[in-house]
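Trainee: Chain residues, written in single-letter form:
Protein chains: 6
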Amino acid sequence: MKTSLRNHLKGKIVNIIRGQVVSEIEIETAAGTVASMITTHSLDHLEFKVGDSALAVVKATEVGVEKP
Amino acid sequence: MKTSLRNHLKGKIVNIIRGQVVSEIEIETAAGTVASMITTHSLDHLEFKVGDSALAVVKATEVGVEKP
Amino acid sequence: MKTSLRNHLKGKIVNIIRGQVVSEIEIETAAGTVASMITTHSLDHLEFKVGDSALAVVKATEVGVEKP
Amino acid sequence: MKTSLRNHLKGKIVNIIRGQVVSEIEIETAAGTVASMITTHSLDHLEFKVGDSALAVVKATEVGVEKP
Amino acid sequence: MKTSLRNHLKGKIVNIIRGQVVSEIEIETAAGTVASMITTHSLDHLEFKVGDSALAVVKATEVGVEKP
Amino acid sequence: MKTSLRNHLKGKIVNIIRGQVVSEIEIETAAGTVASMITTHSLDHLEFKVGDSALAVVKATEVGVEKP
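Top to bottom, those sequences are chains X, V, E, L, B and D.
The opening position of the first sequence corresponds to residue 1 in the numbering used here, with each subsequent residue numbered one higher.
The opening position of the second sequence corresponds to residue 1 in the numbering used here, with each subsequent residue numbered one higher.
The opening position of the third sequence corresponds to residue 1 in the numbering used here, with each subsequent residue numbered one higher.
The opening position of the fourth sequence corresponds to residue 1 in the numbering used here, with each subsequent residue numbered one higher.
The opening position of the fifth sequence corresponds to residue 1 in the numbering used here, with each subsequent residue numbered one higher.
The opening position of the sixth sequence corresponds to residue 1 in the numbering used here, with each subsequent residue numbered one higher.
Hints are supplied without guarantee of correctness; some may be wrong.
[Stated by the list, open to error] Taking lysine to aspartate or glutamate and the DMTMM-like style, the derived pairs with C-alpha atoms no more than 20 Å apart in a straight line are: (1) X:K67 to V:E47; (2) D:K67 to B:E47; (3) X:K12 to X:D44; (4) E:K10 to L:E28; (5) E:K2 to X:E66.
Everything labelled a hint here was simulated from the structure, so no lab data went into it.
With these hints in hand, go ahead and build the complete structure from the sequences.
Mentor: Dropping the structure here:
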């Protein structure tokens, strides 16, 4: 383990909406779709395409909890 | 749909570390364990216990993406 | 109470700037205008219009405090 | 204007829960109570007390929107 | 000290990507480039230009730690 | 590049405040001290000690900008 970030959810990219400054990536995980907002700079550098494997990464402080 | 928060991952609470001000909740989802940091105020008001069903809730802006 | 998110500020939508990927919503609350950044996906699904009632929702970990 | 942070909500500190590492501050604003999580280091340096005036500060990217 | 936000890193703006709703600002600090995502509203109000001095501001809860 | 997280600031750990649930780590970088809030779970798993090299990691959406 090399990072303090606790949450790394494996999945497959199912959608990319590329914007001028930010882009949205949707990752289909076993727990459902996870939507992410990243800089378009990162999208281009990571060269992500729909169908690629990817990890959705989230710091624990950013995760809330709700009753179903 | 009533909220702009995009990510609601269903699971079961498998661990709670109760602190004086903040508490950690781990939720076992189909995509793996999700760790959350919430106020202990919320933990007490939600009366969460290990074994309860719960949703891990995350805003899309807080989700990064990584290559496996 | 069904969520750990502590802050729900009631108000009325006074401005929407719709972008390709993200959109800004300004909510006039009794404590002043609150600016929010959400995915345009959510804006469209929530079908928000200027004049609608809305809640600005913020996790406690995301709130800083300053001296006036 | 000297900061990109969009949201500064005026109020009065009504509650402080001091922890070893993090502390919770509740600020009573005209729009209701806002709960904040800050480092105890900051709490001590700012010398905040219940009754003090304070601003709850939030970046727009951290604000979600919900239907009432 | 007037704010609970712990991190203020001095530098010079080296790049601005202006978007319709959000804009990216890159600040060259002594520790390397820091990329920031702010509302275009703020960018316009702050009248930032490449070459300006600026502070990258981050709440401690938003900072993760990794092993090199 | 394997991650969308844009900001990785190199430095040396100069202070650790270990709490029951969260811990604070201060990293001395060339641009000044960066304070981080991580879960104590991560602190223990990463086995960080004062004097260790470390990276302060921040998502661009979490970085604000201010005029000096």
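Trainee: Evaluate each hint against the coordinates.
Mentor: Hint-by-hint comparison with the structure:
1. Taking the CA atoms of X:K67 and V:E47, the gap is near 10 Å; set against the 20 Å cutoff, the hint holds.
2. At most 20 Å may separate the alpha-carbon atoms for a hinted pair to count; D:K67 and B:E47 meet this at roughly 10 Å.
3. Distance restraint check for X:K12 and X:D44: the Cα-Cα separation of roughly 17 Å lies within the 20 Å cut-off, and the hinted pair is therefore satisfied.
4. A hinted pair counts as satisfied when its Cα atoms are at most 20 Å apart, and E:K10 with L:E28 qualifies at roughly 14 Å.
5. With a C-alpha separation of about 6 Å, the suggested pairing of E:K2 with X:E66 holds against the 20 Å cut-off.
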